[in-house]
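Chemist: Since the structure of chain A is already known, use the hints to place chain B on it.
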Amino acid sequence: MKGILRVALKLLVNDRGKFAALIVGITFAMFLIVQLTSIFSGILTKASATIINIGSKVWVMDPSLQNPLNTIPMPSYVLDLVKSIDGVKYAVPLYSGVGLVKLKDGNWQPATVLGLDDATLVGRPALLEGKIDDIFGADAFIIAKDEDYPKLESPQIGTTFEINDHRSVIVGIAKAPVGGLFGIPTLYTTYNRAVQYLPNTRYTIAYILVEPKSEADIPGILEAVKKTGYLGLTRGEFEKKVSNYYIFQTGVGTNILMMTFISFLVGMSISGQTFYTFVLENLEKFGALKAIGARNSELVYMILCQASFSALTGYGLGVGLSALLIAVGKKYVPNYTAEIGFWNLGLALVMVFVVAAFSSLIAVRKVMTVQPFDIFRG
Amino acid sequence: MPEVALAATGLEKWFGEGEARTWAVRGIGFEAFLGEMLYIVGPSGSGKTTLLSMISGILKPDAGSVAVEGKDIWSSSPNDIADFRLNKVGFVFQDFHLFPKLTTMENVAIPLIFKKMDWDLSMKSAVEFLDAVGLAGKAALPPNKLSGGEQQRVAIARALVGGPDLLIFDEPTASLDGTTGKRIIDFVKNKFLNDKRCILIVTHDSRIYGYADRIIAMEDGQIVKIMSGGEIED
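Chains A and B supply the protein sequences, listed in that same order. Going by the numbering used here, 269 is the number at position 269 of the first sequence; the sequence numbering is gapless. Going by the numbering used here, 84 is the number at position 84 of the second sequence; the sequence numbering is gapless.
Cβ-to-Cβ under 10 Å is the rule here; a few derived chain B residues that face chain A:
#: 1; residue: L59
#: 2; residue: F96
#: 3; residue: L102
#: 4; residue: E106
#: 5; residue: F114
#: 6; residue: G162
Derived from the structure by calculation, the hints contain no laboratory data. Since this is a predicted model, take the numbers as computed values, not measurements. Every residue, glycine too, gets a C-beta built ideally from N, C-alpha and C.
Chain A extracted, bound-state conformation:
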């Protein structure tokens, strides 16, 4: 069948105009599908920035919490309850809130403030500049160097500013593996300072970060937390919870997936129509092949190879183009967020095969019904 495959591909590729139209259609559709789903993926990752950057294995929170932006503070006795659970190596509080930073030009810039446990600094970021111990100094804050870092006028170590009318000083600049979704900078300080600087409700613990003695202890810890009336989640579960919130409760997911589906329909119609035209124009030739002795199964094989080759070429180019745009976007566009992962590559691959199957189906139906007798009859 190798020879037949080669003939099929030559017939396809050598018809440059049609092949180009086919490839452009599929590439464009794949580009849009991968681009849109990558942006969506990027948004979801950014939405989980706090979870990823802090990196705790187990998170305890109020069960009503829907996303990291709106935390529901818990009373301090919950921390004691969690600490007493079997299998817990240690548990520490994490403060999360938003403070208003007064800039030199008189403007105000909101910033996420994360308060790390004073005793252990669990969840502390890796530093690019400065020493972590300096966080215990007077009015000390560490700033995350993410895409929102310039919004605080790109402070250096020693830069002072005001948060909620309190003097603050930058003592370190931290790596930020993932920037936040809402376009505000992130500051780290100690838990007690965060509570002092930011206005609070009666309770102040946003999350309890739990380190289990072993991975095997995690299910038991989660179950025990549940019995206290609070919610314990692994890092993955928490990220999924946040993702589900944005997918199902904000409209972001629905709208992006709808755009993805429209791109898919556009791609399918362009490539389906072009491939159908290609087959239609070669219909007599397929009839001649039948007359010569080609079996229907061999002609179907040829069409499937042509459709699959076009689909995979378009897929590769679409993914490549999307990756290029993401690379350029990340370099030059502030807050541009997009991530190509296995799931969106897989989704696009499934979609491109649906496109190929659809295009083949209509072409195969036509070729199966062509009669070699019609070739003689002219």
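Modeler: Below, chain B alone, put in the same frame as chain A:
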């Protein structure tokens, strides 16, 4: 006594049903022999092409049989009939039906490729047959760079490359001028007709009748006369 290449018996074909039924071929029987150049002639609508299609395994007759090597081809499965066409029959279509996006060499090699022959061997064999029709130098060109006569020779090479017992030409001179048409038929007869092959030509071009060993004349779907080539010339 020459060996029978094919024997058609009681062939009938009609299109439509009831009062709309039109007979294309009605009760035709004849034998074609190896080593023979047999013409099927007649006016348009006389059933030549329908007959040709039935004896070459393309169009299933409504009645009758076509026996090759003693076996009715129409009692076989569709795949076996396709194999019969691939292995036993070589077609030269009226419009040639060459693939413009393949080279001349690749066009000729198509029957071998469908016989699952190795690509390089297929191409080698194709070039040999192109050489036989005097076109080896144009093997790498696409067919649309060739003249009408050259394209027909490519189609002949393609029909011959699989080594068929039955070589079928459909109106081979329809798109050629008189001289070129005669030259092609003369060339085919002298070069490719042998005692292991029968050449069947459907035509209504009386200028080439002289090359036939026998001529079957059709009218209204029936054979009206079977003549020897000499008779016509006379």
